[in-house]
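S.K.: Use these hints to put chains B and C onto chain A, whose structure you have.
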Amino acid sequence: MIPLPPTAPPGVPTSEALASDLGCFPTLEQYLALVASFKEDGFELCADLCGVDYLEHPGRALPEGVVATRFEVVVNLLSLSKRQRVRIRVQAGNDEARVNSLFDLYPGSEAMEREAFDLFGILFDGHPDLTRILMPEDWEGHPLRKDYSVGRVPVQFKEAPGPR
Amino acid sequence: MSDLHVRSAERLDPLTVETSEGAQGLQRRDFTKKSELGREVGAVLRAHGLMLDPNDVDVERQDDETMIINMGPAHPSTHGVLRLMLELDGEFVLRTKPVIGYLHTGMEKTGEVLSYVQGGTNVTRMDYLSPIANELSYCMAVEKLLDIEVPERATWIRMLMAELNRISSHLVWMATNGMDLGATSMMIYGFRERELILAFFEKTAGLRLNLNYVRPGGVAADLPDGWEDDVEVICDTIYERTFEYDELLTGQPIFRLRMEGVAPITAEEALALGVTGPVLRSTGVPWDLRRTLPYLAYDQVDFDVIVGTYGDNFDRYAIRLNEIRESVRIVRQCLEKMPRGDYRSQDPKVTPPPRARIGESMEALIHHFKLFTEGFAVPTGEVYSAIESPRGELGCYLVSDGGPQPYRLHVRAPSFVNMQAVPLLMRGGMVSDAITVISTIDPIMGEVDR
Amino acid sequence: MALEDLQHNFLTGQVEDLVRWARRASVWPATFGLACCAIEMMAAGAADYDLARFGMEVFRNSPRQADLMIVAGRVSQKMAPVLRQVYDQMMEPKWVISMGVCASSGGMFNNYAIVQGVDQIVPVDVYAPGCPPSPETLMHAILTLHEQIRTGEILQRRREARPTHIEQNSWTPEVPVTVRVGTPK
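Chains as they are written, first to last, in my numbering: chain A, 1 to 164; chain B, 1 to 450; chain C, 1 to 185.
So that you can see chain A by itself, here it is in the shape it has in the complex (with noise of 0.2 Å):
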C-alpha cells in the first residue's frame, strides 16, 4: 500500500485494493480534492471511470467511517513515472446521484462519466456536455441499473422436424 499524496485532503479511509497499489474512499466534498492531489502526484492518465449499482448486493467491504450508498463511482489512475495504481470510490449518493466532474482535471473521462450517466443516471457536475452516448438520445430509463430488466424476450422455438 502506497501513502497518499502530501496534499490530499485530511482524513480519507484508505484501504488494500486487489491488484491496485492503493484504494481510496472519499466523501463526495473530498472527491475533487483528492483526485487533483493524485495528479499534481504524479498520476498522469485517468484509466477508468465507471459507475455500479449496489442496490441488490448482499455486502461490500468498506472502511470504518465510510456511509454506502446505492451508486458508487469507481476512479482508476494511473501513474506512467511511478507505475502505480490507485483506485478511488466514492459514494455517489442513493437516487440522485451526483458528483463532481473530473473533466478540468483528465479531459480524457468526458466520455466515461457521459456513459455513466446514460448508463446509470449519475449526474456530473461541471461536465460540459452531459448527454447520452450509447443509447438513443430519446430512451428513457438507464438500463444498468438493477432494477432495469436484462430486456429478454422469451425465444419461441418451431417444431423440430420429425426423424426422417
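Calculated directly from the structure, the hints in this document are not laboratory data.
Listed next, the in silico DSS-like pairs over lysine-lysine satisfying Cα-Cα at most 30 Å (straight line):
hint, chain 1, residue 1, chain 2, residue 2
1, B, Lys144, A, Lys39
2, A, Lys146, B, Lys349
3, A, Lys146, B, Lys370
Just a few of them, taken from the derived set where beta-carbon distance is under 10 Å, the chain C residues facing chain B:
hint, residue
4, Ile39
5, Met42
6, Pro63
7, Ser76
8, Gln85
9, Val86
Ideal Cβ placement from N, Cα and C applies to all residues, glycine included.
M.R.: Relative to chain A, chains B and C alone:
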C-alpha cells in the same frame, strides 16, 4: 437542476436539419462563448501545463461559410458504425463530434446474467479483432478474485495466442488502413496472411474468430500435435512479408505525403485524454503494459517496445508494422521455451473434469453438471485488471457478490477512450485526412459501444 | 455474308433466363458490416475465399448502386432506423442476406439493446447461421441466393406477397412468406 450543464435534445440549437433520430448537431458558433468554445474545441486547452491561448481559436468565421456534414454510420471506411458530424470550411475540418452507440449491445448487462464460465463468450465479442485479449483481461480479473494459480504451460500458451492475435489484429489494421488510403492490394495481402493465423486458431480452439479459448484457470484445450511446425511457418512467412509491405507502402511517396506530418498529437494531450496503446507510443511515451507492469510471462521474453517521435499518422503506422515483427519475435521465443505441464488449473471447483471421466466417476459428473449449469462461485470483492491489447490498455473491472455470476462487469475499452482524441486530431486537417485519422486510431466499434 | 454461314453461331433462349443470369452473375453487395461478421465478410471477399469469382467483389458504398444487403453483425436499437433507410434507398430488385445469428435472431444477445432478428425490419431472403459464419458458410448462403434468382423463385414470391392495391399516402411493409429452399443442384 437548472445549474447543471445537462442539455436535453430539445434545448440543442443545431445547425443541421432534423435527422431521423432527432436533433443532433453542434451549437451555433455565435451562441457559444469563447470560454465555452475553448472547452468545446479541444480538451487539450484544459490540460495541465500547456500554454495555449483560448483566443487563438478562430471564431471570426461567419456561420454561412461553414457546412455541417454527416458522415453517417454506414460509410465506406471499414471501421464499423461510427457517425461523425464534421463542421467543414471548404475542405478543412474545424470541429468534429463523433456519435457512437450504433453497436451498443448491452454486453455489460448481459455479463451480469451469464456465469463466469460463460462470461468469456460475452467478453470476447467486444473487441472482435483481438478476442484473446478480451478473454485474457476478463479471466485474469476472475483469477485474481478467485486467488488461484494458473499453471505455467497455460500461461505460455496464453502468451502465444495473445501475440498471434496481436499479429492478426495489426494485419487487419494494415489491410484496412491501406484500403482507406486507396492501396487496395494491401487489403488482400493483410487478409491472406491472416488466414494462416486463423487456420491455426481453428486447429487449436475450434473457431477462427471469437474463440472462447482462454478460460478462468487456464485455456480450454491443449495445443494440437504438430503446432510447432504450424507456428514456425506462420513466423517465417509473416516476417518476410513485412518487408514486402515496407516496399509496398513505407517507401512510397504518396503514402508518405498522406501520412507524415498529418494529425500529430503531443504526449501531454494524449495523456490528458487518457489515450493508450500505439497512439500514446507514437508521441514518444514508452508505455507498454507488457514491459512496465508485466503480466503472464512477458518479463521472461525479450522484445522491444516500439516508440515514435512525432505522433503523426506515419508513426502510428510504423509502430504497428514493427509491432508485428516484435510479436513474431515473442512467438518464436514461446516456441522454444514452451514448458510442459497442465493447460488448465487442476482445481475441480473451477475446471470441469475431462469428458472421459464423466462416464466413470459420479463426482466428475456432478462437478461437470454444476459447473456448466450453475457455475462456480467467486468470493466477494472487486478488482481492476488490465492488459495491453493491440489498441491500448484493456481493463476489466469486476465486482462480485459471492455468487456464480458477476455483479458488475465493466470493461475499460481502449478504443472508447482513444475516440476522444478524434476531434483533436482532425482539427485543421482535410476531409481525406479525417479518414486516415480514424484509421490510424484503430477504433473497433464493438468495444467502443459494448 | 450469307445467313447460312451463321447457323452455328446463335444461342437462343428466353429473355427471363438472360435477365436472371445477368442478375445473379453480378450481384453487388452494399457495405453493411456492423460487427465481427463484417470481418468474416471481408475475409470472404479477400484472397483465400474469393468472392470475385461470383462477380461480387465490388462492395458498393452507395445503396443506389447495390443489389444485395448482407446484414453482417448485431443490429442495435439505434442502428435499426439506419438499416431500414439504407434498405429503402436500394433499387429493386434487391435481396437481403442475414449473416450470422445476431442478425438472424438476436444471437446470444437476448437483451434490451439488440433487435431480435433483422427480419423485424427488412424482409430477409437467406439466413446464414454461425457466430461468426465462416466465409464458406457465407458463400453457401450467397450461392443459395443465386440459385433462387436463377429459378426466379424470389421474384415470384415478392409478386405474390405484394398487396395489389396501395393507397396514395399509406405504406404497407412487405410481408415475407416463408419459403423452403432446397440445396442448389
